[in-house]
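Number of protein chains: 4
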Amino acid sequence: MKQKAEVNRVYTNNIHQQIQFADQKREFNKRPTKIGRRSLSRSISQSSTDSYSSAASYTDSSDDETSPRDKQQKNSKGSGDFCVKNIKQAEFGRREIEIAEQEMPALMALRKRAQGEKPLSGAKIVGCTHITAQTAVLIETLGALGAQCRWAACNIYSTLNEVAAALAESGFPVFSWKGESEDDFWWCIDRCVNVEGWQPNMILDDGGDLTHWIYKKYPNMFKKIKGIVEESVTGVHRLYQLSKAGKLCVPAMNVNDSVTKQKFDNLYCCRESILDGLKRTTDMMFGGKQVVVCGYGEVGKGCCAALKAMGSIVYVTEIDPICALQACMDGFRLVKLNEVIRQVDIVITCTGNKNVVTREHLDRMKNGCIVCNMGHSNTEIDVASLRTPELTWERVRSQVDHVIWPDGKRIVLLAEGRLLNLSCSTVPTFVLSITATTQALALIELYNAPEGRYKQDVYLLPKKMDEYVASLHLPTFDAHLTELSDEQAKYLGLNKNGPFKPNYYRY
Amino acid sequence: MKQKAEVNRVYTNNIHQQIQFADQKREFNKRPTKIGRRSLSRSISQSSTDSYSSAASYTDSSDDETSPRDKQQKNSKGSGDFCVKNIKQAEFGRREIEIAEQEMPALMALRKRAQGEKPLSGAKIVGCTHITAQTAVLIETLGALGAQCRWAACNIYSTLNEVAAALAESGFPVFSWKGESEDDFWWCIDRCVNVEGWQPNMILDDGGDLTHWIYKKYPNMFKKIKGIVEESVTGVHRLYQLSKAGKLCVPAMNVNDSVTKQKFDNLYCCRESILDGLKRTTDMMFGGKQVVVCGYGEVGKGCCAALKAMGSIVYVTEIDPICALQACMDGFRLVKLNEVIRQVDIVITCTGNKNVVTREHLDRMKNGCIVCNMGHSNTEIDVASLRTPELTWERVRSQVDHVIWPDGKRIVLLAEGRLLNLSCSTVPTFVLSITATTQALALIELYNAPEGRYKQDVYLLPKKMDEYVASLHLPTFDAHLTELSDEQAKYLGLNKNGPFKPNYYRY
Amino acid sequence: MKQKAEVNRVYTNNIHQQIQFADQKREFNKRPTKIGRRSLSRSISQSSTDSYSSAASYTDSSDDETSPRDKQQKNSKGSGDFCVKNIKQAEFGRREIEIAEQEMPALMALRKRAQGEKPLSGAKIVGCTHITAQTAVLIETLGALGAQCRWAACNIYSTLNEVAAALAESGFPVFSWKGESEDDFWWCIDRCVNVEGWQPNMILDDGGDLTHWIYKKYPNMFKKIKGIVEESVTGVHRLYQLSKAGKLCVPAMNVNDSVTKQKFDNLYCCRESILDGLKRTTDMMFGGKQVVVCGYGEVGKGCCAALKAMGSIVYVTEIDPICALQACMDGFRLVKLNEVIRQVDIVITCTGNKNVVTREHLDRMKNGCIVCNMGHSNTEIDVASLRTPELTWERVRSQVDHVIWPDGKRIVLLAEGRLLNLSCSTVPTFVLSITATTQALALIELYNAPEGRYKQDVYLLPKKMDEYVASLHLPTFDAHLTELSDEQAKYLGLNKNGPFKPNYYRY
Amino acid sequence: MKQKAEVNRVYTNNIHQQIQFADQKREFNKRPTKIGRRSLSRSISQSSTDSYSSAASYTDSSDDETSPRDKQQKNSKGSGDFCVKNIKQAEFGRREIEIAEQEMPALMALRKRAQGEKPLSGAKIVGCTHITAQTAVLIETLGALGAQCRWAACNIYSTLNEVAAALAESGFPVFSWKGESEDDFWWCIDRCVNVEGWQPNMILDDGGDLTHWIYKKYPNMFKKIKGIVEESVTGVHRLYQLSKAGKLCVPAMNVNDSVTKQKFDNLYCCRESILDGLKRTTDMMFGGKQVVVCGYGEVGKGCCAALKAMGSIVYVTEIDPICALQACMDGFRLVKLNEVIRQVDIVITCTGNKNVVTREHLDRMKNGCIVCNMGHSNTEIDVASLRTPELTWERVRSQVDHVIWPDGKRIVLLAEGRLLNLSCSTVPTFVLSITATTQALALIELYNAPEGRYKQDVYLLPKKMDEYVASLHLPTFDAHLTELSDEQAKYLGLNKNGPFKPNYYRY
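Protein chains in written order, with the numbering used here: chain C, 1 to 507; chain H, 1 to 507; chain F, 1 to 507; chain E, 1 to 507.
Hints listed in this document are in silico derivations from the structure and should not be mistaken for laboratory results.
Honestly, I wouldn't trust all of these hints.
One copy or two, either will do: identical chains are not told apart, so a pair holds if it fits within one copy or between any two.
Subject to a maximum C-alpha distance of 20 angstroms in a straight line, what follows is the list of computed EDC-like cross-link-like pairs (lysine to aspartate or glutamate) [unchecked claim]:
no.	residue 1	residue 2
1	Lys366	Asp257
2	Lys224	Glu117
3	Lys463	Asp363
4	Lys501	Asp257
5	Lys308	Asp330
6	Lys71	Asp81
One chain only, chain C, in its complex shape:
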């Protein structure tokens, strides 16, 4: 039994390496990466039961190399409107989904509340996301709310085949498997939207590829589409560009920038994942270490708070004087990178900028210095500058390279400068739950909004919905909200049910 668990780990790590690879390739192709800050994460690896491990190993050891596109499969109800690796793995996938359900109480609460009215009745949603147990809980929730769904994967490596099988078995037309080719990728998307007798009226996208495909191939579909919900930084960026260019022809909801999601994905999540990522890769001790954190936004704030709490001495670099002043008041020396580069034990980038750590900086670091990136892409550390003949690279562990200078100095580079927390730690299900709930509510809002509330523009989630997402997650902490009395609500000029803050409120 133990052996299987181990195999599972190998399997999981492989997924990641491949995804990272995929990521890189796309960057090379100058196309925007589709992996946002935490869209995938090791949550995929959270498949965590023996039976699943078995499933995993079964899959791996499978000699069946036939492309799913070439297979004829039907689910137990006789439907063949899907394309997955192996419909027989459905049972294993169902187990995974059931476990995820336990950790996503907000979506389950939504299902319960929707037993009477079906707020998505009549909705025809086409979705393109990572296909994991958590996504499955979202898809089945949308179904329970009344929607019809068709789904493809937003990444060629990130599908859990067993989960896809389980969804297909339950009647959701899913087109996705692990290890798609580029051609497969677009074929799957096309199979979702190009259906006789069915036309989507809502889009749920993660990265913008689905949206892009419809724009390119079926622009007329937008006549019936009520809105787009987009989660990733990249996808949102594309939507704003469309909007700027006057080409956005339906309302779109930017769920990436909702308060709840931002605070959880960045501040709270990074506060934990920076420690986790560093420990899993280097087994280092934090106490007494000197660390420089580049950037004091939400991610930087989380990293700094965690490391300070663990006894590290933290320096901060910033370009924005307001964030800089916050760093000062929070007890961090604000420096330029050059001032401390010779003395620090760890360098962490969280800027979203490029070439924050240059070859010159790397040349000046001391022996054993650890360098990693928590920002939004792999541009922050100039890793390319290290690919020169006089430097030797030594892979000492998965995600850990020693780069060795001619004089023997070693720099420890993590995840080749890609996102540390995406590559080397995990995203808690709790955070995934917040995102999925936000997506569901955004779909409900756009679908049910009265004519004219939303124009052909990109919108943030209404604050009241943001508050609702938060409220659905409070029971997890056994947290008891206070209600305003009528008198108090009147005094404050607020509705008792919110929204409770002006739009510019900073939390």
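Got chain C; can you put chains H, F and E on it based on the hints?
Chains H, F and E alone, transformed into the frame defined by chain C:
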């Protein structure tokens, strides 16, 4: 020498008691209070040299009860265009101003930068604020930037007579003294605006009384007025009401809600002043105490962080689910007040709401429980409900009352439910410096804005100016900002000099 | 009413100035100072009711300059065996004692438990301590436990006359008043011990003067004395010297070094009082300030933790490599003072050493640097070196001096280098309660110990008693201790009632 | 390359499973376990270069199942006085040792200082420890200091064969391999001590088996033996028993209880490893979680501090009132386990006691509650009580079991109740360095001590040596110690070079 210092303390405390009293009276009169969150503070008491103490005692022991309005005074240059308590106190006031200058490097830097160009050249500013050494540094900075200024006090008790004298001696027409009557108050304001051959073109207000007076008496003046800069919550509220009613006839700048000011006045300042206020009044030990903090906005966040750090066990109540979820993630049990009211040692309100702590709550508190308010007004604790015959009030120290139940139970009520940090602690000069700098920059912006940039509306300080205020305060911390390279600025799509963040950024 | 409160403050501050003065004089006389780390504190000022304020002012305004030694006073029961300022103040003192009783639940619990057996029955205790409301609670507890007590003051300024009167009224022979002369001091002590028909069998001392007096004048008394309980660092030092010299002729209990007392007096108390002392004297903001703390013992650890939590950047100096390594692991840069002296905003000494901050250091500090001492005496900062003609001293507040260099640089010196927390903050009653309880238990232990358990040596409080003191204070925090099962006690080889740790355990 | 790294992980994990298993078996045999708090840990897995991975996989794939005892091997210098798996792996082992040397600067400094004098010249040390790269650095340091060494493994699974080969190649007679039988184990030890013409005069033991063997087989050897250095809790326990029984015939040094080791192994190390262990096993989020920590000793203090810093709400249980009061002052609610067992998300035991978490507690926990042990053995949680028919165990990951109640409730049990940080996280090399340095210094002290300094008893490391260990580790943190001036040393009554504290000092 020591005795003088002591007298000075007495003097200072008296000021506060009187200000508080004034505050209450105005509330009773149903007029909005003019004292914002931290407008006055004990900074007045920061006058801190022997000579000043002498001045203070001199003033106090003065038998001169003639009203300043009835006196004929001239400064050393022969001007009589002012009305202060005693022009002879100018020298003492100058000492105070010089000490304050050392602690307000940002304004001094502004003066330096303005040696060449005079951005306020031609500006005629009428001001109405507390008149303290810090304000004097602001007024003289405005002068150095090219402005003509006339000034009155925004509070009948908050003028430091020596500082007013020093300003008058330096040629600033100041009309203000400590202990004005209501009639004096309006007379002083009128003397600032109703001048032959001089008409203001800018207003700097704190509380809105000056603005109100001009609206009422000299509405035509607004034709020449380029803008209003308002600092207080109350004054801003009045401006928004005017704007809503379509009666605002010039642009107004709300400097109260600038990022820098908000974070310093609330989060960072309260983090320190909650401890200070509790210690100075009760000498209590924080370690192991159970505390409930009502409200988890910026003020509540500051209070909670400080008390947790000192070893208290902190519970939080909230009405907003987003703030509630933040409290959870920051490690505080989210409860309803009723759940913990019997067990806590301290109750702190930070909601801005009314009747958060009711008589019923007070009845259930345990013996010795301390109750205080850090929110924006004295409505949060229902103090009035304690003024019943069966309860005995015992004043045990300045700002500390024991309210005694028939069974002997004592509740320790601080500052009669008014702002603890206004009443019982201090506002660091550093925070005053941020506010004064923000006011100066807002005046410069409004005065120099090209026609049409600002309409007849209430504006937030442009982010770039907010950032500039922050940058002027970084040298205090020997903090070194990083500059973007051209390449990085291009990559981020930012100007190298800012602004660095979108407007919705939450910091 | 307010005015009285203010007068009370003046009165309190005067006490302190005088005590400090007394302190210095004694140092000059090369006699060990009798004021330990926190023996007195502003707890004296915690007398906090209106009536007490009245009492205080009454006392002050009293024209009665007759020496108490020359007065004939009797209490209401007709006894004249005491000597206090004014027996008529007893009622006010009783109020103070009653309030203190509420805050010293451990002693009250001891009284309750002793209702049946009287563990001090037959004990004749002569005591010499500060005479405050808290001491009165201790003395009356000893009485309730069966002891006869006679009491003098250990400091010529620290007696609260009203409390002394209340004790005398209740029948305790007290000889003490505020403002004794040196001659009065020893006369009072003598009146306690030199009584016809009464000979002490226990000594409770604070500073060693009482012990010294008996050694010198009545050495034969030691034949009947069962033991000495000594609280102060100085007194303990004297006892160890006696012991070393072979002259200690009874067992002595060093209660200064008990675990509970040490942790509370040093780590936990200083964690709070460093903030309090700095705020009350300078109103400074902690956030972003650079601070160097000299010494990382318990006091230094407390100071560093508090300032770090408030957002200061803290550097540490140490001579002991183990404490130094602790500082590193706790996240502080370990430096030599010279490395940071030019850049820090605050210098705090906590070493117990002398000349830690020299004139050379002071010369190099930056303008506005604050210098203060939290260590055990006023030797840590070389204040004497600042008394040179080229430097100007300016007293800007009570306990705050500006020392001004010829170039205008100002150093802010607090409490003239004496203990900041003794001079400028308070000692919570909770800490006083722990000390008093420890003293009571030490007396019980020594008095009841079987022949031979204690030899003529200095002992630490038995760990079991130390644990008992702690357990008596747990109810204050509503803390629930777990009890060992028989099986568990056997497994651990422990008695179910403790002691729970080996003697070398470090907590 | 990646694949190899993965294989390495599997390999490493297998080691652990086997060691754990070995551990359990011994417990079953009622013999004291030889694995102390952190003696082994995943440090073994820190072998972290590609080449090493290769070595590992090479070893694994080896078909050579011949017992090392049956092989004839010689190193390159022709010596055959060793017994390892495969001498040809020496080169790989040397790489590992070289990397470890970089992380153990204190031992390297010792070597440097010993270039002139050889403090262990003439020492004949027989050692029995885990054989890892870190141990190799220790052994070779002892050699550099002048000692002759012979070495065996203290655990049948913990030898890194490559490292053993490298030591043998360098001329150290090592008798050890991974996967010894019980018979092999004692044979190896015997080969170390039973040598013609060589008799040990020093013992370095970890667990007491070597000492036991000599007592049993070669008691006469003790005539020449100068002392024993013992590191483990178990071994120290055995020595104290021998001493109590009057059977200890040489001095022994208990290095387990040195200050530096204790603080690092417990407080600082656990502060990090609790987070690491929980994350690696469960990927949980700490923020907002309710946790109960049983026991507030050094380990509990570390766990509580870390979890509080990460935003968990922490409750503490204690039996010792002093530790309980510390918990209160540090801001934790002190409860009995029963009070919170229904509501907490995590239960952590750190008591060293048995049956702290009983079946009854487990029955009352809520669904999903995580249970783990950070204390000294696997007795704290009554795991045996969960082996009943109505409960289902599901192994969901390595070291993670779901125990499922009939109603579907799942408890997440980590490491089957064994030490979480031993099983599921790592021990930083820095901590191993402190231990190894302490061992080396203890050997030097015992070997060079003048006749009579040490009797036939168990001693703690002299404080001065403890301080020396600390000082050797300060350079890692670029920490600069302050030196006492002559005048200061005299004032304090200290030697300038230490020791700096009395023995009872608590740090």
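Right, here's what the structure says about each hint:
When the C-alpha separation of Lys366 and Asp257 is checked against a cutoff of 20 angstroms, the pair qualifies neither within a copy, at 38 angstroms, nor between copies, at 34 angstroms. When the C-alpha separation of Lys224 and Glu117 is checked against a cutoff of 20 angstroms, the pair qualifies neither within a copy, at 23 angstroms, nor between copies, at 60 angstroms. In this homomeric assembly, Lys463 and Asp363 never come within 20 angstroms of each other (Cα to Cα): the closest approach is 48 angstroms inside a single copy and 37 angstroms across copies. In the homo-oligomer, the alpha carbons of Lys501 and Asp257 lie at most 20 angstroms apart both inside one protomer (16 angstroms) and across protomers (14 angstroms), since each shortest distance falls under that limit.
For the identical chains of this complex, Lys308 and Asp330 are neighbours both inside a copy (10 angstroms) and across copies (9 angstroms), given an alpha-carbon limit of 20 angstroms. With identical chains, the CA atoms of Lys71 and Asp81 are at most 20 angstroms apart within one copy only, with a shortest distance of 12 angstroms there and 65 angstroms across copies.
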